[in-house]
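K.L.:
Sequence order for the protein chains is A and B.
The numbering of the first sequence is the working numbering, which starts it at 1241 and goes up by one.
The numbering of the second sequence is the working numbering, which starts it at 89 and goes up by one.
Just to be clear, a hint being listed does not mean it is correct.
Which chain A residues stay away from chain B? Per the calculated CB distances, all over 12 Å, these [stated by the list, open to error]: (1) Leu1267; (2) Ser1364; (3) Gln1372; (4) Ala1404; (5) Asp1413; (6) Ile1486; (7) Glu1492.
Taking lysine-lysine and the DSBU-like style, the derived pairs with C-alpha atoms no more than 35 Å apart in a straight line are [what the hints assert, rightly or not]: (8) Lys1349/A / Lys1368/A; (9) Lys1368/A / Lys1381/A; (10) Lys1381/A / Lys256/B; (11) Lys256/B / Lys1256/A; (12) Lys1349/A / Lys1312/A.
Please keep in mind that the hints were generated in silico from the structure rather than gathered at the bench.
Computed from a prediction, not measured in an experiment: that's the story for all the values here.
Glycine included, every Cβ here is placed at the ideal spot set by N, Cα and C.
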Amino acid sequence: MHEPILSIRGLTKTYKNGPRALDNVDLDIRPGEIFALLGPNGAGKTTLIGAVCGLVRPTGGTITAFGQDLAKDWRKARARIGLVPQELSTDMFETVWRAIAYSQGLFGKPYDPARLEEILRSLSLWDKKDAQIRALSGGMKRRVLIAKALAHDPELLFLDEPTAGVDVELRKDMWQQIAALKERGVTIILTTHYIEEAEEMADRVGIIQGGRILMVDEKRAMMERLGTTEAVIDLAAPLAALPAEIAAFPVELGAGGTVLTYRGGNGQGGGRAQVAALTQALTRAGIGYTSLDIHDSSLEDIFVGLLGQKAEAA
Amino acid sequence: MYFNARSAYAIYRREMARAFRTAFQSILAPVLTTSLYFVVFGSVIGARMEPVAGVPYGAFIIPGLLMLTLLGETTSNASFGIYMPRFTGTIYELLSAPVGVAETLVGFVGAAATKGLILAAIILATARLFVDYEIAYPLFAAFYVMLVAASFALFGFILGIWADSFEKLGVIPMLILTPLTFLGGTFYSIRDLPGPWDAIALANPIAFLVSGLRWTFYGTSDVPIALSLGLTLGFLVVCVSVIAVIFRTGWRLRE
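Here chain B stands alone, though its shape is the one from the complex:
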């Protein structure tokens, strides 16, 4: 298969430039939101809470909060990244270029993964101001953050192609991702839920992501790490397949 690295790099650079141009929205807003969570749940309420699975409460919620911001930001950013060119008409250039699905995804998703990693680093640095924590497997954590960021960037990409209004663009992150992350064990361990809620909670795929990231931090998780990893990879593969079909059929891209 032919791959044009220069085209992919051009898309990557443009996406990164867009993120830095909108640094306030892309970086400062999540930092502020996360700080507020840490002040309220980490420092004030967390000081009165029992440790969860042997981890102090303030530290326990870090992976969940990181996931909350990461999913929201990555999905919104990627969906906006493809929706805006469709909306303004600048997509003509991408469609008329010698660029296929591979270059487009490497450019868009690579940028999303990089942004995810930068965002995670900033959130962790912010968290350090409020609570003490250690990361058990830092390299694995970085890999997992990038994997989740890449998967949800792909998901956001699909969303941005599907959406035909700004309202639709906001619906999925706001009405589905955020509630599912809240209910996915961000602030509690699913194991601590009374039956049958512990089983019901596992129907929420985000719970697996939060649990997976928590494992890379503290070596403890609600579900086996292999399951979290497998589910994330599976989601990535499904999204790539959907996008490949979109490019082949030209759905919502080519008239």
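One chain only, chain A, in its complex shape:
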């Protein structure tokens, strides 16, 4: 097990006259992973990123990056961290080239036009290098922000809602670029409220709500542990009651005895195997069916379920 690249302990942030945005957050990020921080709006995702990147002053707790305490050795650590903010904040009158050259210098790197060209080409921005940023489309502006964040070759990159307001095609394109960064060994922490994005990209997922981390786990493990399979079986003839061999499965009879609904499994194949066994049992019992609709729960179902449970508990 590698040392975490970023380690957060007891991080708390209370805004002046405001709510507690972060409440005793503990989090470890492993080198080379893509970590997705999921949460509804106002959950504390951006505050968490801000606290690591120096935009927010934490009220309490410690942050260690690359083994260095950010409160003391912030210079060394920050030189290795990149940030793509949520808002499209760029100097609109600057050209793309000057904007990224500025970022490279600001982070203490020598001017390296070859590297800047490489970055712009990888983000399909090379032919826009002399354009003023204000003349670019929203998606391109976001890529300029990514190029700025990459100009100093960070080892740890924060992407705050990288695909917010981006169309589907561009979003997929962005996912490929993020995957390419991971290939190059960059550790990526992304916040999103598009669960699909986390499902597609992340190695691990953290769920945050009301400034508290509710759960952190491998995406697969989380889906196995919390995922379910749902199968809806339309019966050929209504049933008054379920035979014992069918009632042994996690099933419910509904719609006047014409629909049998299965809910169970682990979302990673276990449920599907059980549904297959259920259909065989139905056949053995002489119960006919006309259609079968089966689906595994997505990360989104898990996420919504988890937040729902939390809201009920509160």
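Keeping the supplied structure of chain A fixed, place chain B upon it in accordance with the hints.
P.N.:
For chain B alone, coordinates are given in the frame of chain A:
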């Protein structure tokens, strides 16, 4: 103390580029305003005026007019330079960079001092079209212009961090600096004021700046040059200290 020269240079270059991008506002507007002052006060009215402290009136007002433009432009430019990134959100990059107060100030203030020097050169070249003058201590004058530009850039920087609206950004240069410069001996010698106004005028710190610059031009001044120099340096130190505290506490920069 660690100092990242590349970061400071990046900020310096960006600030200079911003000035050249807005050359009309940064350079042409002050040239036009100064020209108008010279036409009205230097050539037309100045021709009817007695020399002041042995200096022809048209030449006498040059240091004051230069100071008037320099203070206004430097303060506005620096305050705008830090207020706009706060307003648009681009400040995130500066705050997340491995950059401390030293690099930020060297970048911002160095650019302001350079711009001040360029502005002064342009104003003096413009003045040459209207009146004849000689500069007694040109190197000292250049140093003093840079010192004043640096000090007021720092002051503007504080202003840009303090302001939370465009209105506040304009209030200090317009309602305080300009009137104080007008009343600070730009168009007259404070010594010529009747008592007790001559003493009251010295409560105006800008009078010391105008007097100091005038000394570098003509070797004559209302207050000793050492006092002007000391006051400017003192102001610079106070501004640097305030900014150091702002960076340490994150006031209006970090939430």
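K.L.:
If a hint holds in the structure, say so; if it doesn't, say that too.
P.N.:
Okay, the hints, checked on the actual structure:
The claim that leucine 1267/A lies off the interface holds: its Cβ sits roughly 19 Å from the closest Cβ of chain B, which is beyond the 12 Å cut-off. For serine 1364/A, the non-interface assignment is confirmed: its Cβ lies about 22 Å from the closest Cβ of chain B, beyond the 12 Å cut-off. Listed as a non-interface residue, glutamine 1372/A fails to keep its Cβ farther than 12 Å from every Cβ of chain B; the least gap is roughly 10 Å. Distance check for alanine 1404/A against chain B: the nearest CB is about 14 Å away, which clears 12 Å, and the non-interface claim stands.
Residue placement check: aspartate 1413/A keeps its beta carbon more than 12 Å from all beta carbons of chain B (closest about 24 Å). The claim that isoleucine 1486/A lies off the interface holds: its Cβ sits roughly 59 Å from the closest Cβ of chain B, which is beyond the 12 Å cut-off. No Cβ of chain B approaches the Cβ of glutamate 1492/A within 12 Å, the least distance being about 50 Å, so the stated non-interface status holds. Taking the CA atoms of lysine 1349/A and lysine 1368/A, the gap is about 23 Å. The hint holds against a cut of 35 Å.
Under the criterion of a C-alpha separation no larger than 35 Å, the hint pairing lysine 1368/A with lysine 1381/A is consistent with the structure, at around 11 Å. Between lysine 1381/A and lysine 256/B the CA atoms are separated by roughly 31 Å; this keeps the pair inside 35 Å, and the hint holds. Under the criterion of a C-alpha separation no larger than 35 Å, the hint pairing lysine 256/B with lysine 1256/A is consistent with the structure, at around 23 Å. With a C-alpha separation of about 21 Å, the suggested pair lysine 1349/A and lysine 1312/A falls inside the 35 Å cut-off, and the hint holds.
Against the hints set out earlier in the document, a violation occurs for number 3 only.
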